[in-house]
Every structure is written in structure tokens, then in C-alpha cells.
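Required output: the full structure, derived from the provided sequences and hints.
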Amino acid sequence: MGATDEVVAQQSLIGQRIPKMDAPDKTNGRTRYIDDIDVPGQLHARILRSTQVHAKIRSIDTSAARALAGVHAVITAQDVPWQRPIGVAKDHLPLKTDRVRSLRDEVAAVAADTAEIAAAALKLIKVDYEPLPILSDPLEALKPGAPLIHPEPHGADGSAQLKPGGPVAFTGKPDNVAMTFDYAQGDVVAGEAESDMVVEDTFRLHYVTHCCMGVSGVIADFDPKGNLLLYSNTQVPFLHKREFAELLGIDPGRIRIIQPPIGGGFGSKLDIYPFEPIVIFLAQITKRPIKLMFTREEEFIASPTRQPVLLKLRSGCKRDGTLTFRSVETLHDNGAYTSWGATTPFVMMQTISSLYRVPHCLYHTKAVYTNNPYAGSFRGYGNLQATFAVEAHMDKLADAIAMDPLDFRLKNAQDPGEVTPQGMQFKTCGLKQCLTTAATRSDYQRKRHENASRWNDGNPIKRGVGIASMLHVGGGAKIYPSDGCGTILKIDDFAHVTLITGASEIGQGSETVLAQLVCEELGLPLSAVTVVNNDTDITPWDVGVHASRTTFIAGNSAIGAARLAKTKILAAAAGKSGLAAEELDLKGGHVVRQTNGERVLELGKFIRSLHFTDKAQLVMTSFYYEPPSKHQDKQFKGDVSAAYAWASQVCEVEVDTDTGIVRLLKVTGAHDVGRVLNRLGIEGQIEGGVVMGQGYALTENLMVEGGITRNPNFRDYKLVTAPEIPEMDISFIETMDGEGPQGAKGVGEAPAICIAAAVANAIYNATGTRIYAAPFTPENVYRALSGAAEPPTWTAA
Amino acid sequence: MSIKVEIGFKLNGVARRVSVPADLSALRMLREELALTGTKYGCGEGECGACTILVDGATVNSCLMFAADCDGRDVVTIEGLAASKRGERLREAFVKHGAVQCGFCTPGFVVQATHLLEKLPHASSAEIQRGIEGNLCRCTGYRKIVEAIADAAQTVK
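These protein sequence lines are chains A and B, in that order.
Quick note on numbering: the first sequence equals residues 1 to 797 in our numbering.
Quick note on numbering: the second sequence equals residues 1 to 157 in our numbering.
Everything labelled a hint here was simulated from the structure, so no lab data went into it.
Take these hints with a grain of salt, some might be off.
[Unchecked claim] As a list, the in silico BS3-like pairs of lysine-lysine whose alpha-carbon atoms are at most 30 Å apart:
no. : chain 1 : residue 1 : chain 2 : residue 2
1   : A       : LYS490    : B       : LYS96
2   : B       : LYS4      : A       : LYS123
3   : A       : LYS432    : A       : LYS396
As C-alpha cells, then:
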């Protein structure tokens with residue numbers, strides 16, 4: 001920000017408040033989401049889910065369901081012997097064969113003339129189960145003799161044996177351990193030896209789920225040649241093409257995915273889930289298009305969650321405030337199957353090793369199978385949990401050495417240019433500015449002292465402030481072998497641009513920001529651009545919407561295509577105008593003189609004049625891949641992103657100690673976003689993320705007991721509502737990243753990450769009681785304040 | 001399957017006669033029988049507000065109302081609000097203030113806000129927040145929705 005930005009902003013679209021291009025349609029009900037689409041001839045599908053948390057399937061009788069009028073097909077695993085395991089670890093068959101492992105498990109499916117008939121048919125299916133012992137506590141899962149969730153290799157055709165040449169199958173897990181990560185830097189024993197202060201605590205983070213306002217759904221339609229058209233809400237269309245092709249044993253080129261506008265993503269649509277293959281099977285078998293929509297209850301029960309984590313943290317520092325070491329063990333409840341949730345330690349270790357400077361780190365983590373709902377990816381990807389623990393210890397250590405928590409953080413904060421022991425390179429880093437800005441604007445230090453002096457003043461209503469910071473990928477993420485995006489850009493005779501991008505719009509505003517970046521290069525108004533971004537037969541490849549990567553990766557790709565077009569136009573214009581291409585620019589729909597902006601040619605007219613010449617072809621293609629850097633090795637040493645995003649947030653709370661009610665009054669956030677591109681869009685991302693973080697901290701709790709989700713509805717699963725939102729004061733720290741599009745870095749996940757951590761610190765500042773288990777619901781807070789809640793304990797193996 | 005009933009009502013200003021199953025919700029009648037898909041299914045339990053419509057000028061969760069109960073009533077959906085000045089101002093304000101992200105909840109909010117400003121044309125921020133309490137949004141954090149409604153209240157005066 002600052003004076004120069006103001007001057008540039010007068011001519012530039014960058015930093016302006018640009019309304020979303022899709023908003024007018026969305027406000028008047030014209031936008032057609034997947035539930036609003038009907039395909040001629042379609043049948044409706046419903047899925048029969050298990051009534052048992054863990055059981056063997058003795059038999060399934062579908063005869064009565066098949067006999068019901070209007071039913072076209074009833075399928076079980078026996079009807080699709082060609083099915084293959086899906087998901088991150090390929091441990092999950094869409095239709096269950098010999099056993100069910102959680103209450104969400106798909107046992108059978110029906111295709112019928114209407115959704116009502118399909119639902120009625122489900123009630124006629126008789127399943128005979130033989131109950132198995134239920135494993136609902138990840139700690140129990142590790143005990144010797146624990147029931148096994150995936151006891152033996154299972155063939156995809158339901159047989160216990162893996163047949164040579166038979167379908168791919170999962171090899172089984174004899175110890176319930178789904179995934180492990182180990183990371184080490186330095187020597188924690190030496191680090192502890194040089195510490196003046198050491199603290200150790202166990203933290204427990206709970207289940208929450210995405211609660212996208214649009215429920216899950218899919219439509220599958222085969223043409224007579226066997227090509228599949230899928231209307232899907234996926235966030236990763238190109239990866240899914242490949243997965244579905246493997247599943248069907250066909251060439252990925254024969255699968256076309258169209259993404260209708262998506263009613264919320266937040267990471268939930270990053271994996272393939274059983275309902276998608278099941279609908280495809282039904283379409284294959286009935287030779288009719290099949291549509292499936294979840295109910296809200298089904299959405300709660302059968303869509304992914306943020307994974308519960310038990311986290312033991314041991315940290316130390318010297319008396320002068322220098323951090324010495326961190327030793328971390330985590331236990332993740334994987335649920336019955338493996339999705340992206342199991343891989344979140346990959347992100348957690350970045351926070352543990354590199355949010356602040358720590359010379360010695362050790363990190364062991366296990367994701368274990370249980371009979372609970374399985375964990376997927378969710379905005380922030382493990383970072384909410386890691387930040388919660390790390391930032392609690394930053395406060396505790398500061399207190400232990402009687403240092404101001406802000407000064408303690410500043411002393412250990414990273415600087416630009418730093419390469420961490422893990423190998424992450426911080427080319428830009430605004431952490432110190434984030435810390436000081438958030439603290440100053442919230443009057444953090446004064447309020448903190450004042451609040452702590454009132455612990456024993458007899459007033460039951462307390463105030464508290466807490467600070468927390470975060471580090472997250474901001475320039476793509478090398479989770480896959482490559483992190484690229486392609487662009488096709490065409491300019492028509494009237495200087496109208498069609499931007500064809502692989503990047504999906506999931507409500508976050510990528511369509512608008514990409515159009516804006518293109519307009520900035522070509523000197524055109526936003527109305528001169530149409531974005532095509534939702535059809536894999538048309539759009540070039542992209543790795544998908546995740547890791548806050550779209551603006552950075554797809555933005556750079558779009559800029560690349562626009563620059564190619566500009567070069568070509570200016571070269572042609574040079575011939576026509578008698579000026580050198582270097583003397584020309586594009587502005588306001590014209591070719592202009594670069595020095596003074598004087599109009600030379602009207603762009604549309606000029607492009608029309610190029611007809612029948614070799615310069616008329618204005619279809620540009622480009623791609624962007626993350627710049628070369630040191631890939632992480634097997635020990636997770638190396639760089640994972642081309643840029644990193646930073647933020648600090650101060651939360652101010654009011655705690656009613658008589659009732660345990662915590663109100664979030666104000667969030668003062670400072671975000672290093674590289675550069676603000678669309679001010680309206682970035683404010684929306686941050687405000688939405690803050691309130692999502694508020695829900696995680698205070699109100700949301702998916703109550704899973706004995707494998708059963710007790711509150712699968714909005715009445716009992718409490719999302720934050722409008723009257724509860726905090727006052728929000730958001731500052732942007734513009735560090736102008738050299739690799740970012742116009743200097744920008746990713747921001748999508750960042751705002752949700754610190755809130756629970758900062759609220760925990762604020763509750764401590766208000767009451768003198770530190771709470772180690774989230775969420776801070778009135779009951780949990782009241783119990784903690786009255787000494788009725790034992791802090792979590794865990795003796796890790 | 002179930003018994004059908006014939007009903008007559010005004011829908012977005014136009015008289016309609018339809019025959020609907022007695023157990024069909026107003027939401028499904030609008031979406032499935034009358035192809036007005038701007039009204040959304042979010043929960044089916046009256047908890048999220050995505051299906052909000054106006055019935056005789058009051059907002060109703062159409063998922064909880066029987067279609068048959070529309071008989072003789074004046075029903076307005078998001079599609080019908082285009083005709084009203086207040087609806088138009090609200091929609092413009094939602095766009096201008098960035099009150100829309102995925103947009104799935106937006107029609108419900110616009111309908112609810114129309115009703116709110118009908119009753120409280122000079123609604124304060126706190127009154128707006130209370131007035132949209134029954135509508136859930138997972139994307140925006142509500143602030144820009146409140147700002148949009150406050151702005152529309154100003155411009156309609």
C-alpha cells in the first residue's frame with residue numbers, strides 16, 4: 001500500500017473492488033447448480049448405507065426392492081465385480097463386499113423413476129449383518145489385540161484372496177496404522193539440554209465438517225459409444241478424469257467432466273467418494289443418465305470431515321526468549337478409510353518447523369483406522385490443529401520467562417530471505433509486520449495487561465485478548481509431481497477476450513481475478529472478457545483447486561497468455577502505425593503510445609483489419625508450472641511452494657464465567673498476501689475464513705460417539721449465524737512477491753487458521769485458565785473453569 | 001402414489017392453477033413442477049433458509065410448507081423479486097458489496113432481506129443481523145451481506 005499504489009491504482013484494475021462476474025446471476029436465482037440440472041431420460045439414484053458401525057455382511061436380499069414398480073436397477077458389490085478401490089490409499093471399495101466399517105458405508109444402490117421410489121426401494125432391501133467389535137477411539141486402535149479395520153488383503157471382487165491378474169485390491173493393515181510421517185531436524189535432546197524453560201502439554205482437536213450449503217450430487221451419462229459425461233462438483237476435474245478412467249478401465253480421453261457452479265467446496269471435493277462411482281455403475285447398467293443428490297443428513301454423515309487430532313507438544317526456550325526445540329507427536333483419527341486427511345501432517349510439520357525459528361525439531365505422527373467417519377481435506381489442511389498447539393506454547397513459554405508474548409514472537413519470527421532447516425525458502429515474509437500491525441491496531445499489549453489484572457476482581461464477565469500467527473503455502477504446493485495450469489486465450493474481431501482456463505471457480509472468485517489479470521495486461525475493461533472454466537473437453541489441464549494455489553498458479557498462466565497476445569498485437573500494430581512495438585502499449589481498448597498514452601489505433605477495429613493476414617490468428621496458449629526449486633526429499637527437506645503466506649490475528653473475547661459462554665468480539669488481522677488484487681474478493685475470503693475459524697473454535701462439533709454421528713443436522717451442529725460474527729479489522733501487508741501474479745500470494749486458507757489458537761490464548765488472558773481441548777462451547781468452558789475438566793493426557797508409544 | 005389436490009394461487013404476480021401431490025412441499029413444487037430453481041434445497045428442515053420464499057408478504061421456509069397450503073395465497077420467489085424495486089436494489093447491493101461467493105444461499109438471503117426492509121425500512125446493522133439470523137452462509141462470514149442490505153436500505157429510502 002502507500003502513495004505509489006494509489007497513483008497506479010487510478011489507472012489499474014489491481015487493488016480495486018471488483019464485483020464477482022458470476023454474482024448478478026447468483027443473486028437472481030438464474031445460476032444452475034447441480035441440483036438444478038436435469039438430463040432428459042434421467043433416473044434418480046439413492047444409496048443404502050450401513051445401519052451398523054462395524055459388521056460382516058452375511059447376505060443382502062434385494063428381491064423386494066427390484067420388484068417395486070419404477071425401480072430400474074438395484075446393485076450391490078456382487079453386481080459390479082469390476083469395481084476397484086478408490087481414494088488416497090486405495091483402501092475403499094465404493095460398494096462394500098464382505099463387511100461395513102462405518103455407518104456411512106455404501107451397501108446397495110437403487111436407480112428409479114423418481115427419488116421417492118428409489119428411497120422406498122431402499123427400505124425393502126434386507127441386509128443380514130454380523131456385528132463386529134467397534135473401534136471408535138484412535139488410542140484403542142493402537143493397543144495390542146485391538147479389532148482390525150482392514151484385517152486382511154481383500155480382493156476388489158469381494159474374495160479374501162488377491163487373485164493374480166484380478167482387480168486391484170487393498171493389501172490390508174495388520175496394525176490399524178493407515179499412514180505415518182516422521183520428520184527431524186537438528187537434535188532435540190541437545191536442544192532441550194540448552195533450554196532454560198521446557199513445557200509439555202497434550203491438546204485435543206475435534207471433528208468438524210465442511211457444511212457446504214449445496215449438498216453433494218452427481219449426474220452420470222454415457223453416450224452410445226461408451227463415453228462418459230459427468231456433471232460433477234469436483235475441485236480436481238483433471239485428476240478425477242484419470243481416476244474414473246482407471247475405475248472403468250477406459251481411456252481418460254473418453255471421460256468429460258462438466259462442473260456446474262459449485263455450492264461450496266472448502267476442500268471437501270478434493271477426493272473421489274463412493275457415490276460417484278456408484279452412480280456411474282448405475283448409468284452403465286441401466287444405460288440411462290443417473291442423477292444422485294444427497295439429503296442434508298447424508299451430507300453430514302457421508303461427506304468428509306476435518307480430522308480429530310491428539311497432539312503432544314514439548315517445547316523449550318532460553319531465558320532470553322530464543323526457542324530451542326520442539327518435539328511433537330500426533331495421533332490422527334483416520335476413520336475407516338484413507339482420504340486426504342491422513343496426509344495433513346505434511347502441512348502441520350511446516351508450521352511446527354518453520355512458523356517460528358526453531359533449531360531442533362522432532363515430529364512423529366500416525367493416522368489410525370477406526371470405525372468413525374473418515375477424514376478428508378478441509379481449508380487449512382491440518383494447520384488449524386498444528387497452529388493451535390504451537391501458539392498455545394508460544395504464550396506459555398513467554399509467560400514462563402516473563403516476556404511479553406508479542407516480543408517473544410517477534411524475537412523468533414522469520415525474516416525475508418531465510419531458508420529454514422526444513423528447506424523452505426521465504427523469498428517474501430511479512431510476519432513481523434503482521435505481528436506488529438495486528439498487535440498495534442488491537443491495542444493488544446495494553447489490553448492483555450489490563451485483562452490479566454482482573455482475574456480476581458469478582459466480576460463474572462471477563463475480557464481477554466489472544467494473538468496467534470500462521471504460515472501457509474501461498475505459491476502453489478508440490479503435493480503432486482507437478483503443480484501447473486494451462487490457459488488458452490482468444491481475442492475475437494471485436495477485441496472481446498475468451499479466457500479458457502483449467503482453474504475451477506468454487507465461489508472463491510478465481511474467475512473474476514483471472515479476468516482482471518488478463519484485462520490488466522491487455523488494457524481492456526472487465527466486460528471485455530468471458531471466462532470458460534468448467535469443461536474438461538475444452539479447458540486445458542490444471543491440477544485442481546486446493547492449497548490456496550489458484551490465483552498464483554492459474555493467475556500466472558493467464559498473464560502468460562495475455563502477454564503473448566499483447567506481443568503479437570503490438571508487433572502487428574507497429575507495422576501499421578510506423579512506430580516500434582516497444583513504443584506501443586495497450587490501454588483503454590486502444591493501442592497507445594507508451595510514453596504519453598496517446599491513442600494510436602482502436603483495438604477492435606485494428607484486429608478486424610488483420611483479417612486475411614498471417615497476423616490475424618489471436619489464439620494464444622500458455623502454461624505455468626511452479627518455478628524450479630529444491631523438491632522435498634524423503635525426509636521432507638526442501639521447498640514445497642514458490643511463496644509463503646503469513647498472517648497474525650488478535651482475537652478479543654468476552655467470557656461469562658457463570659455460564660461458560662465465550663463471545664468473539666473482535667478479530668484484528670494482518671495478512672501478508674503479497675499484493676491485493678481484488679480488494680472486494682480478498683476481504684470476502686478473509687471475513688469468511690475468520691467466521692469459519694470462529695465456528696471451529698466456538699460452536700461447531702460433529703459429535704461422533706461409538707462411530708455414530710449424533711448431530712447430523714443444522715439444529716444440533718451449530719454454524720455461526722449473522723448476529724454472532726465479530727467486528728473485523730483486516731490489514732493487508734503487501735510484500736510484493738517476485739514470482740506472484742502482480743506480486744500476489746495465495747490467501748484462501750489463511751484466515752481460518754489462527755482463530756482457534758488466538759481464542760484459546762484470549763480465554764486464558766480473560767480467566768487464567770488454559771483449555772487444551774477444543775471447541776470452546778459453553779459446557780466445555782464451564783467445566784474447565786470450574787475444574788471439572790481434566791486436561792487431555794496421552795502417553796505416546 | 002399420493003393423492004393429488006388442485007390448488008390456485010398467485011405466483012410472482014401471475015395466477016396459477018396446478019395439481020400437486022398432497023404431501024409435496026412448496027419447495028419441491030416450485031423446483032420440480034414449476035421449474036423455478038432459484039429457491040434452493042439446503043437442509044429440508046427449516047434450518048438454513050436457502051429455500052426462503054414470500055407468502056402473503058411474510059417469509060417462509062418453503063421446505064416446511066405443503067404445496068397445497070399455497071392455495072389462495074400470494075407467493076413470491078427470488079425470480080419474482082426482479083419486478084420489485086427493493087428486490088432489484090438488494091440484488092445490485094449484494095453484487096456491489098461482494099455479498100456473494102458460492103451463491104447457493106444468496107437467493108434465500110435476498111428474499112429474507114426484502115421482507116426485512118419491508119418491515120424495517122431503516123433497519124440498523126444489529127436489526128439486519130437479527131433479521132437474517134435464520135439464513136446460513138458458509139462462505140462470506142455475513143459481514144458483506146449485512147453491508148449490502150444496509151446499503152440497499154439507504155438507496156430505497
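Going down the list of hints, with the structure as the test:
{"no.": "1", "hint": "A/LYS490 / B/LYS96", "in the structure": "holds (28 Å)"}
{"no.": "2", "hint": "B/LYS4 / A/LYS123", "in the structure": "holds (24 Å)"}
{"no.": "3", "hint": "A/LYS432 / A/LYS396", "in the structure": "holds (20 Å)"}
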